[in-house]
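Enquirer: Spelled out from the first residue to the last, the chains are:
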Amino acid sequence: MPLTLQEVEHIAKLARLELTDEEKTRYREQLSAILDHVAQLQKLDTSSVPPLAGMSGSESHLRPDLARPGLGAAELLKNAPAQADAQFKIPPVFE
Amino acid sequence: MEYEVVIGLETHIQLNTETKIFCSCKADSSLDAPNTNVCPVCMGMPGVLPVLNSRVVEKGVVLATAMNADVQSTSFFDRKNYFYPDLPKGYQISQYDRPLAKGGYMDVPQADGSTRRVTIWKLHLEEDAGKTKNDPAAGRRLIDFNRCGVPLVEMVTGPDIRSADEAANYLTRLRQLLRWIGVSEADMEKGHLRCDANVSLRPRGATHLNTKTEIKNVNSIEAVRTAIGKEIERQTREYESGNKIEAWTLEWDEDSQSLKKMRSKETEADYRYFREPDLLPVQLSGEWKSQILAEFPELPLVRRARFINDYGLPEYDAEILTAERSLSDYFESAVKSYGGDVKRVSNWLMNDVMRMLNDSGKTAGEIALTPLYLAEIIKLVDSGTVNTNTAKGLLQKVVATGKSPAEIVKSEGLAKVSDDSAIRAVVEQVMAEAPGEVAAYKSGKVGLMGWFVGQVMKKMQGKADAQKARIIFEELLK
Ligand SMILES: [Zn+2]
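Just so you know, the protein sequences line up as chains A and B, in that order. Last residue of the first sequence: number 95 in our numbering, and the count goes up by one each step with no gaps. Last residue of the second sequence: number 573 in our numbering, and the count goes up by one each step with no gaps.
What the hints contain is simulated information worked out from the structure, not anything from laboratory work. Because the structure is a prediction, the values reported are computed rather than measured. Treat the hints loosely; a few may be bogus.
Claimed, not checked - Distance condition first, Cα-Cα at most 16 Å in a straight line; then the derived EDC-like pairs of lysine to aspartate or glutamate: (1) Lys-226/B to Asp-85/A; (2) Lys-89/A to Asp-181/B; (3) Lys-121/B to Asp-65/A.
Claimed, not checked - Computed spacing ranges between beta-carbons, pair by pair: (4) Leu-66/A to Gly-253/B: 36 to 44 Å; (5) His-61/A to Glu-284/B: 34 to 42 Å; (6) Ala-39/A to Thr-267/B: 50 to 58 Å; (7) Arg-329/B to Lys-43/A: 51 to 59 Å; (8) Asp-181/B to Leu-5/A: 31 to 39 Å.
Glycine included, each C-beta is placed from N, C-alpha and C at the ideal position.
All chains, please: the whole structure from these sequences, using the hints.
Expert: What follows is the structure, encoded as structure tokens:
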């Protein structure tokens, strides 16, 4: 079942993507094809197959609660397009 | 029309672990400069992998157990996707359909003696986001990422709360519990315990739920009480004038003590949850669970009831003596060491020891006056070795020196003088020095007895047995 154009626009908005009309049409086809494929898989009876959480084991590896130094402000702020007072600076919200 | 108030509370509880939930950055940044407790993992840099902090699971299990929830042997983490400047990864790692625990409730005692059962609809682990500070005047918003990845438990109640006071009571009990079981500092002003309130009204007796509003940004239990009270008044007015309630999000403004409508969100929340592919399920074996719960304490409300039932303490005493765990443990140790009237221990604790604790800012577990020493001091009063005033001074001296009460009584000669001849001599001296008072007493001013006894106490530095002195006076003044 193909996605509607509105659904494609909604998904694009959630992902903060600006799409041209041509892209919307193209992605609509591509996404619909993916969904069709998954719909096929969903027809299989998997009630006797245990869910697989990952390939490397079945249990989360845990970490002891011990602190280690991280990046530090100077290193982190190299990623900041703008900064002030050792913080990332972005435009304000006006109410 | 008569309305019934329907309130549900959504709380975020900051766990007091040493490190963050998925990386080894220090979790508590309250004393640190902005953007100093950060690393590639909590900043969502490419190629990094989260690794779960075992202590977060442990504290979560303890909290879930204390809330009477069903701890799940397998739980999963999921990604909650949204864009906001305080969220560098573009998603928050949370739990969705397979949380750490399901169900749960808390029975909250109310002022009128009734109990309100507040059910828990949601209890899961997740990571916190950073902090943004809006500064329109300076034309900027500043972001501090220190809080990114700090472990939280999100806990949401059912719509079971029926008044602003009940909401405040629930939060008070929750805060008490969190500190008692040691999972959070639970300081609302510091954001360790955050609360949003959903409020709606319906005609009394109805079972449907009307449109609710959500109150955010309330930073103290008193503010929660006031904010909900005001929202109940507003909704009542709206219904009375025939208007509909709209599903607003309201922000509490502490300065003006009023609620302000927040800008409505452009799009409805659509978080596109999916399993976190970088984390495997959390498997909580029976063995690990029993290890975690091996030292699970008696909970405050259970202990409160036991103090009333087993010790026959008034509710007032039981409430105060279970407000905080170390005080409560202290009380029980003192009761055991003392072995006598429990109420007597309670009185000493509430009147004198608690004042010393308040003055020193220490907890009951930290002062030099051990429960054993307190019991010893009360016994010294019981046996007539020291009088009550001396005993109160003794409390201070034990705290100051760390020495045992018996040692101090001995070295400072504080034992009460009950030797008849010694007191008699002083009584005679007082009478000789105050012929006027003696004459007045004899002519009927019997109220002077207090003054006479006081004079003896003064001369004997408070160590005289006042009762004995009185008897001797009565005999000699006849
Ligand atoms: Zn980190």
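Enquirer: Holds or violated: the 50 to 58 Å window for the beta-carbon distance between Ala-39/A and Thr-267/B?
Expert: holds, 52 Å
Enquirer: CA of Lys-121/B to CA of Asp-65/A, is that 16 Å or under?
Expert: holds, 9 Å
Enquirer: Please verify whether Lys-226/B and Asp-85/A have alpha carbons no more than 16 Å apart.
Expert: holds, 14 Å
Enquirer: May I ask you to test the hint 31 to 39 Å on the CB atoms belonging to Asp-181/B and Leu-5/A?
Expert: The hinted range 31 to 39 Å holds for Asp-181/B and Leu-5/A, with Cβ atoms some 33 Å apart.
Enquirer: Do the beta carbons of Leu-66/A and Gly-253/B sit within 36 to 44 Å of each other?
Expert: With a Cβ separation near 38 Å, Leu-66/A and Gly-253/B satisfy 36 to 44 Å, so the hint holds.
Enquirer: Given the hinted pair Lys-89/A and Asp-181/B, is their alpha-carbon gap at most 16 Å?
Expert: holds, 11 Å
Enquirer: For the range 34 to 42 Å, tell me whether the beta carbons of His-61/A and Glu-284/B fit it or not.
Expert: At 36 Å between Cβs, range holds.
Enquirer: Quick check on a hinted range of 51 to 59 Å for Arg-329/B and Lys-43/A, using CB atoms only.
Expert: holds, 53 Å
When each numbered hint is compared with the structure, no violation occurs for any of them.
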